[in-house]
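Chains as they are written, first to last, in numbering that gives the first Met the number 0: chain A, 0 to 492; chain B, 0 to 664; chain C, 0 to 213.
Do not rely on the hints blindly, as some may be mistaken.
[Unchecked claim] Mimicking EDC-like on lysine to aspartate or glutamate, the simulated pairs with C-alpha atoms at most 16 Å apart in a straight line are:
1. A:K445 with B:E556
2. B:K457 with C:E148
3. A:K447 with B:D288
These are calculated hints, taken from the structure and not from any lab test.
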Amino acid sequence: MNGRIARVAVGLGFLFVISVGVIVAAGFRVGRPTYRVDNPTSRMRPPSPHTDHSALLQGPFADGSSVTKACLKCHPSAAHEVMATSHWSWLGQKAAIPGHDTYARIGKANLINNFCIGVQPNISHCTYCHAGYGWTDVSFDFKKQENVDCLICHDTTGSYQKDPDRGGIVAAGVDLVATAKKVGVPTRRNCGFCHFAGGGGDAVKHGDLDGTMFFPTERIDIHMGKLDFNCQQCHRTTHHNIPGRSMSVSVDDSNRVSCVDCHAAAPHQDDRLNNHIKTVACQTCHIPRMAIEAATKMSWDWSVAGHDPEPGTDPHLYSKKRGAFTFARNVAPEYYWYNGSADRYLTGDRIDPAKTTRINYPRGNSRDPRARIWPFKVHRGKQPYDQINKYFLVPRTEGKEGFWDEFNWDKALRLGSEATGLRYSGKYGFAATEMYWPLSHMVAGKEKALQCFDCHSEHGRLNWRALGYEGDPAFRGTRKPFLTADRDGENAK
Amino acid sequence: MIRFSRSVFFIFATVGFGVFGSVRAADSPRNDASLVDRSASSEANSSNSEAPAPIRSMHPKFKMLDKLGKPVVRSGAPISTMRTCGACHDAQYIEAHNYHASAGWDERVEIGKALDGRPWDLGPGLFGRWDPLSYGPSGPDLEVRDWLMKMGDRHVGGGPARASGVELDCFLCHIASPDMNARREALKSGSFDWVNTATLASTRLVKKEVDGWKWNASRFSSEGEPIGDETIPRLSTSKNCGLCHGLVADASKPVVLPTNSRVWGLETKGQIFSPQRLKDSGLNLVGKDLLSRSFDVHAERLLECSSCHNTINNPAFFSGTARDRPKHLVFEPRRLDLGEYLARPDHDLAKGNTVQGTSARRFAGTMRRCENCHNPAAGHDWLPYSRRHMRAMNCETCHVPRVYAPARSQTDWTFPDRSGEPRVAYRSAEGDPHRVSTPLAGFDPVLLPRIEHDGSRKLTPYNLIVTWYWTAGDPPAPVDLNILKQAIYQENDYRPEVKAILDDDRDGKVEAAEERLDTAAKAEVVAGVLKALGLRNPRIRGEIQPYGLHHGTTSGEFATRRCVDCHGERSRLTKPIDLSEYVPGGAGAKPVVVADANVIWNGELAVDRSGRLSYEPRPTASSYYIMGRDRRRFVDSAGIAVDLVALLGVLIHGGLRFRAARKAK
Amino acid sequence: MKRVYLYTLYERIWHWFQAACILTLMATGAVMRRPEWFGLADFHTAITIHNVLGLLLTGNAFLALFYHLTTGEIRQFLPEPRDFITLAVRQANYYVRGIFRGDPHPFERGPMHKLNPLQKITYLVILNLLLPLQTATGLLMWGMEHRPESFPSFFDLGSLAAIHAAGSWLFAAFLIVHIYLTTTGPTPLTLIRAMIVGWDEIEDSHEPASESHS
């Protein structure tokens with residue numbers, strides 16, 4: 000009798016002890032402050048390991064291609080991987096182009112912009128920033144593995160240079176052996192060499208990418224400044240495919256880098272802020288200003304180029320070669336709906352020269368549930384077009400007989416037309432254009448992000464009516480997109 | 000339920016804004032980047048062209064009329080708001096239901112019977128209650144005209160002032176940019192009829208010329224209606240309130256401190272109503288880079304003063320007061336008709352239960368408090384015993400953790416300077432707060448139990464200001480500053496006997512640090528002179544006025560939230576607050592607390608060796624028990640003794656056993 | 000020497016669980032009383048642990064009561080009704096004098112009588128007065144913190160805390176003496192070992208403790 004009760008008691012006792020652990024653990028959970036979980040570091044990839052190549056690459060190397068051949072001995076698939084990317088082809092994957100019947104590959108190689116306009120007639124100079132050797136004309140062999148330039152991305156010495164005039168071959172005087180021995184994981188310097196200097200100079204193009212990002216402070220960018228990120232920590236590269244999409248040369252919404260790759264989708268403590276996420280991109284509040292330290296180009300008027308400037312003219316405001324510019328620093332972006340895809344002016348598209356042509360334009364509007372309000376740098380320009388054929392022309396600017404050599408538009412456009420295959424009627428004029436550059440860099444932490452009043456006040460940043468609201472949504476309620484969902488994101492032009 | 004009432008509140012708030020013609024839906028893009036022609040982008044990315052045009056204002060055009068009902072532009076007479084606004088609104092009603100107008104006039108009591116305990120006060124309001132900050136007028140023979148000249152710039156007109164010609168100034172609160180300076184000047188110069196006209200000086204309607212105010216006929220229609228929209232009335236904004244009450248600033252430019260000390264809310268409480276982050280402000284704050292909280296989270300979240308201090312019969316806000324609404328009702332759906340409201344809006348604004356706004360106590364508690372908008376249970380699941388905490392303290396205790404702008408700590412009228420100004424000391428500032436270079440460290444408010452409406456007591460943060468001044472006579476009254484100056488100064492110097500006693504270091508000069516009556520002996524000398532000047536029984540009186548800190552709130556992220564901030568030896572709840580560097584009249588003189596403050600004084604005034612006076616709250620004395628800080632010390636002493644005895648016994652016993660065992664071997 | 004099975008498995012679990020609870024409660028209680036002396040940051044955690052363990056200890060006590068009542072083991076704790084005083088004095092005498100002379104224990108321990116008279120009275124007080132007192136004051140304080148509105152105002156947190164603290168000081172005193180007295184067996188660790196494994200070696204009452212050394 001006693002024994003049985005004792006056994007029961009023992010059993011109960013064990014149960015009791017086990018429950019101790021459970022209850023204590025539960026007590027801890029209950030007692031803890033409940034914060035929303037946003038632990039971005041947990042979703043970051045570990046940095047790539049570095050291999051010392053100094054014993055592996057002895058040289059001597061006659062030219063860049065011989066270095067590439069040496070690389071390929073151990074990395075046999077590397078060149079093919081690079082060749083599959085737009086860093087090599089300057090063309091994206093095939094995609095439907097909104098507003099066109101075409102299903103085409105578009106990219107830097109065949110599009111125009113409103114900075115230096117186009118690469119085709121100037122290819123041997125533009126390829127200064129091409130990850131290859133010797134692209135000087137259409138005969139360039141895109142299949143030849145040793146044409147790939149490994150060093151432009153993997154040089155860690157900072158001594159590697161490309162020749163600015165000869166299709167991106169290695170500049171004279173570069174010690175290839177020393178450079179090759181020191182190859183490593185790309186640094187901000189490798190990416191920034193081209194991407195910070197887009198448009199022909201530091202800070203010109205993007206508004207959110209410039210030389211201050213080589214060694215930024217927290218004031219410039221919280222990820223690269225405070226946390227010392229390099230580019231690949233967000234642009235998570237696999238097999239040389241570097242994700243990230245520039246709306247200036249592509250229209251589709253794939254292979255993206257996104258804040259929520261690391262951050263929680265609703266990371267704020269305040270529900271009111273999380274409610275914004277349906278409508279507002281993270282960048283909108285967290286990039287309160289662009290071109291924080293280095294001024295970026297806001298407009299470019301080619302039509303006045305070719306005159307000798309008054310003595311003492313600021314070369315940032317006018318140059319004979321390029322025309323008139325405006326620059327701005329630490330400015331607020333402009334805000335538009337953006338659903339990830341974009342409209343694109345394709346070379347040869349008809350224009351109405353009396354109107355401003357949008358070279359590219361974010362798609363989306365208040366009725367598009369995928370669209371969110373994004374910050375943009377808008378670059379406004381005036382560039383040459385064919386008065387008879389009504390399309391934009393691409394001049395040859397670089398090199399002998401180019402516009403920058405002879406300042407003769409007619410000749411430059413004719414030479415350009417030979418390269419692009421676009422017929423030039425001989426009559427040219429200048430028409431207004433706009434380009435839209437969505438911002439994703441120069442991110443500010445919560446201490447500097449926009450506050451309510453920045454948008455929701457009498458002098459707020461957002462033009463509610465232009466964005467399709469009846470009034471300030473803080474007082475009138477948010478958009479009602481889902482009744483007449485406009486899934487194509489068709490924009491009024 | 001709470002969510003429901005909140006959303007309904009929002010709907011009605013929206014209606015409220017709509018009625019007053021919100022100008023929020025501003026339509027102009029403001030962008031620094033507009034370096035080139037933006038016309039092309041103005042329609043940018045908008046496919047929604049059906050969006051209706053923003054509503055400017057539904058307020059109709061109106062004629063500006065004088066006292067006789069004639070358009071001012073024809074008569075050239077000063078504007079009469081009672082006639083102008085009264086043409087549609089029931090201006091008499093608005094004036095009568097308006098404690099900003101009556102200013103305590105209707106609450107006057109027999110002299111000596113005021114609740115604050117000062118024998119010379121006439122009541123609890125601006126009219127009749129002596130103002131320790133400005134040595135404000137009071138006393139049995141206080142004339143309205145004198146009062147208006149001294150205090151009129153803190154009064155909206157009407158009420159007692161109407162008889163003197165200052166009508167209720169509707170424009171002060173209801174146009175976008177009233178001219179406070181012109182109004183103040185008109186009051187000081189005594190041209191009371193023109194005070195409300197002067198408020199319009201910032202519009203182009205009227206201008207002061209050598210021979211007086213002239214209406215600008217080109218800005219009026221032939222009917223006498225103003226053409227522009229500067230005088231279209233709107234819901235009063237925080238900026239309007241700030242004209243009298245304190246520093247209100249938007250975020251368009253860095254907030255800076257004023258250079259004078261007549262910004263009351265700032266002076267008494269160090270509060271700044273602004274959405275700006277502290278680190279973006281123009282204040283010289285210590286450790287500024289890290290101060291990323293805003294001055295006031297409600298300002299940051301786009302609230303206006305009127306969001307809480309609404310007109311109490313405003314149908315957009317009305318919910319019945321927490322005091323008189325039946326307990327079973329969360330929301331009172333019965334509404335006043337909008338038209339009736341617009342005709343007779345009750346301008347007794349909802350108010351809390353503060354210690355400083357002593358007039359119109361009958362409206363105390365009509366305001367929505369924190370818990371009427373917020374659901375405290377929603378955000379405090381991390382806080383152990385949150386109900387206990389919320390029963391013991393008001394939200395402000397943690398959510399006004401620190402005040403950064405300088406607030407006054409002492410006003411010493413016992414030794415005014417030659418221009419009759421008091422010696423003033425400030426918290427937060429290490430030096431003159433009106434100088435930009437003075438570093439501002441911020442200060443922790445003192446936490447005192449406040450008596451709530453329901454009789455419960457809750458800890459609430461306060462700033463304490465101690466004021467010292469001479470009284471004389473029977474019944475006592477503050478000594479006339481001119482007589483006091485006579486007692487201290489003569490010609491270009493001090494009176495010799497005053498100078499002799501002030502000159503502590505005997506160098507023949509009275510330095511700034513010596514310009515104070517910090518010993519009984521010094522006070523005695525001045526008292527002697529005052530007696531010789533004919534005053535009876537001159538004495539120094541010190542009084543403490545608490546100022547409740549209910550603004551300058553912050554979100555949970557920046558609130559006091561570590562347990563040990565309160566539960567520990569250095570508890571915030573018992574942290575003393577300094578009152579003054581010295582005690583006029585010597586260390587023996589203790590200030591008294593104004594009697595109408597609804598707080599419990601459970602602590603102790605202490606003077607340390609250097610003569611500094613401070614107040615240490617003792618919440619334990621009001622049966623607050625702060626775990627981690629409070630303990631009955633004798634229990635621990637006795638416990639330690641018992642345990643030591645046990646240990647000693649054990650050791651001795653063990654030792655003896657050990658010895659015995661060794662012996663046995 | 001003979002080996003006897005003195006403590007059942009349950010009794011041992013009960014004892015050690017109780018010991019662990021009480022020690023942890025005293026440690027976390029110290030943090031709550033003097034947060035700045037004992038780990039500031041853990042104030043919140045300490046309170047959580049203290050509350051949970053307090054409840055577990057109470058539950059454990061009720062379970063043990065059930066066990067002792069149903070098995071009749073409760074008799075072990077009940078003092079002899081008649082000559083309790085004489086017996087207690089004899090035990091006390093042993094502690095004061097006999098133990099130094101190497102006298103045998105006045106009461107032979109065995110499965111039927113595990114506790115000497117002094118132990119019986121001590122444990123009776125601890126388990127029936129001190130432990131309930133701590134439980135009651137602890138629960139009251141917890142309740143008052145948790146739902147302040149449901150408690151009448153004559154419950155005063157300060158006094159409750161004082162009683163609770165006094166109780167824990169007494170517990171500490173008990174612990175000191177209790178642990179010390181475990182060393183009074185044949186060897187200093189014999190008794191603790193018995194409480195761990197259950198089996199005890201009981202000295203023959205006729206022979207002096209010969210192995211006693213330390």
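- request: Take the C-alpha atoms of B:K457 and C:E148, compute the straight-line distance between them, and say whether it is at most 16 Å.
  value: holds (14 Å)
- prompt: Does the structure keep A:K447 and B:D288 at a Cα separation of 16 Å or less?
  reply: holds (11 Å)
field: Hint consistency between A:K445 and B:E556 [alpha-carbon to alpha-carbon, up to 16 Å]
entry: holds (12 Å)
Hint compliance for this structure: no hint is broken.
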